[in-house]
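Number of protein chains: 2
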Amino acid sequence: MNEKCHIYRALNFVGKRWTLLILLELYKGNSKWKRYSELKNTLLDITPKILSSRLNELREEGLIEKRVDSDKMPISSNYSLTKKGLDFVLVIKEIKKWSLKWDTIQDCKSDDCKTCLL
Amino acid sequence: MNEKCHIYRALNFVGKRWTLLILLELYKGNSKWKRYSELKNTLLDITPKILSSRLNELREEGLIEKRVDSDKMPISSNYSLTKKGLDFVLVIKEIKKWSLKWDTIQDCKSDDCKTCLL
DNA sequence: CAGGATCCAAAAGGATACTG
DNA sequence: CAGTATCCTTTTGGATCCTG
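Chains as they are written, first to last, in this note's numbering: chain A, 80 to 197; chain B, 80 to 197.
Everything labelled a hint here was simulated from the structure, so no lab data went into it. Some hints could be false.
[Claimed, not checked] Residues from chain A that face chain B, not an exhaustive set, calculated with beta carbons under 8 Å:
| id | residue |
| --- | --- |
| 1 | HIS85 |
| 2 | TYR115 |
| 3 | GLY141 |
| 4 | LYS163 |
| 5 | LEU165 |
| 6 | ASP166 |
| 7 | PHE167 |
| 8 | VAL168 |
| 9 | GLU173 |
| 10 | LEU179 |
| 11 | TRP181 |
| 12 | LYS188 |
[What the hints assert, rightly or not] Only part of the chain A face toward chain B is listed, based on derived beta-carbon distances under 7 Å:
| id | residue |
| --- | --- |
| 13 | LYS83 |
| 14 | CYS84 |
| 15 | LEU134 |
| 16 | ILE174 |
| 17 | LYS175 |
| 18 | TRP177 |
| 19 | SER178 |
| 20 | ILE184 |
| 21 | CYS187 |
[Claimed, not checked] SDA-like, lysine to any residue: derived pairs with alpha carbons at most 20 Å apart:
| id | chain 1 | residue 1 | chain 2 | residue 2 |
| --- | --- | --- | --- | --- |
| 22 | B | LYS175 | A | LYS113 |
| 23 | A | LYS83 | B | LEU100 |
| 24 | B | LYS95 | A | GLU173 |
| 25 | B | LYS175 | A | GLU173 |
| 26 | A | LYS83 | B | ASP182 |
| 27 | B | LYS180 | A | GLU144 |
| 28 | A | LYS175 | B | LYS175 |
| 29 | A | LYS113 | A | LEU134 |
| 30 | A | LYS180 | B | LYS83 |
| 31 | B | LYS95 | A | GLY94 |
| 32 | A | LYS95 | B | TYR87 |
The beta-carbon is built from N, C-alpha and C at its ideal position, and this holds for glycine as well.
Between the sequences and the hints, there should be enough to build the whole structure, so can you do that?
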């Protein structure tokens, strides 16, 4: 409840819907820049409002950075994980390790589970 | 979004309000049993509905266990961290480490921050 | 193309009263 | 004491349309 509690601040953005999927998409890209429309097409059911909300939140927290190419039209906005964001992926992996250690379900049976974040 | 995704399952309960504070209270207790009323008194503004919801969620996920003493009246319900729950505290510590590593705010200035979970 | 604005639906949280 | 039931408020997510 404390605004300055580090744990709560972290959970405040990471606990939200779509956030991890966005981080994952950027992580898969291997530190490459991905444009807004790429993310939108990959995350099939996300609406533009939610996507930009999440991107802004992650940017405010310093996990991703944004680069705009306005030279050529149409404009393209690109996003990429920062070092802080990349480091956070390790935390997510810890969560997954914990879960795999204690869950009876050993695999989510999705291709993503293996290639996902572990 | 996948029901079986370990990461999402974990975030689904841990991301909720009060959950970490409850885990913290039980963790402070050093594996001792704490009663419902103790938790309610310590977590000042929590309402009975939320407290019992969170306790049930945590119990379903196997992070805490419940013991009821119905011998003597009035009945007392007691809660304690399981090994799985205790192990999860380590994950929370990882989140805190990450946050302390990257945040400019170095301390939440609350007594809790030091005694908290690190 | 990249989003902002608006409006609506759903979910979560919370206050209060009540019961075995 | 340890909750449950009910009702209400707030927050979040989502669908759709619009614009530089």
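Hints, verified against the model:
1. HIS85: Constraint on HIS85 (chain A) satisfied, holds at 3 Å.
2. TYR115: Result: violated, 20 Å to nearest chain B Cβ.
3. GLY141: Given a least distance of 7 Å, the restraint on GLY141 (chain A) holds.
4. LYS163: holds, 5 Å
5. LEU165: violated, 11 Å
6. ASP166: holds, 6 Å
7. PHE167: It holds, given that the least Cβ distance between PHE167 (chain A) and chain B is near 6 Å, below 8 Å.
8. VAL168: violated, 10 Å
9. GLU173: Constraint on GLU173 (chain A) satisfied, holds at 5 Å.
10. LEU179: Nearest chain B Cβ about 6 Å off; hint holds.
11. TRP181: holds, 5 Å
12. LYS188: holds, 7 Å
13. LYS83: Given a least distance of 4 Å, the restraint on LYS83 (chain A) holds.
14. CYS84: CYS84 (chain A) check passes; min Cβ-Cβ to chain B is 5 Å, inside 7 Å.
15. LEU134: violated, 18 Å
16. ILE174: The hint holds - ILE174 (chain A) has a Cβ within 7 Å of chain B, the shortest such distance being about 5 Å.
17. LYS175: Result: holds, 5 Å to nearest chain B Cβ.
18. TRP177: holds, 5 Å
19. SER178: holds, 3 Å
20. ILE184: Result: holds, 6 Å to nearest chain B Cβ.
21. CYS187: Given a least distance of 4 Å, the restraint on CYS187 (chain A) holds.
22. B:LYS175 / A:LYS113: Violated - the C-alpha atoms of LYS113 (chain A) and LYS175 (chain B) are around 29 Å apart, more than 20 Å.
23. A:LYS83 / B:LEU100: holds, 14 Å
24. B:LYS95 / A:GLU173: Within the cut-off at roughly 19 Å; holds.
25. B:LYS175 / A:GLU173: holds, 13 Å
26. A:LYS83 / B:ASP182: holds, 10 Å
27. B:LYS180 / A:GLU144: The hint holds at about 19 Å.
28. A:LYS175 / B:LYS175: holds, 17 Å
29. A:LYS113 / A:LEU134: Cα-Cα ~12 Å, so holds.
30. A:LYS180 / B:LYS83: Holds, because 14 Å separates the two Cα atoms, which is no more than 20 Å.
31. B:LYS95 / A:GLY94: holds, 8 Å
32. A:LYS95 / B:TYR87: OK: LYS95 (chain A) and TYR87 (chain B) at ~10 Å, within 20 Å.
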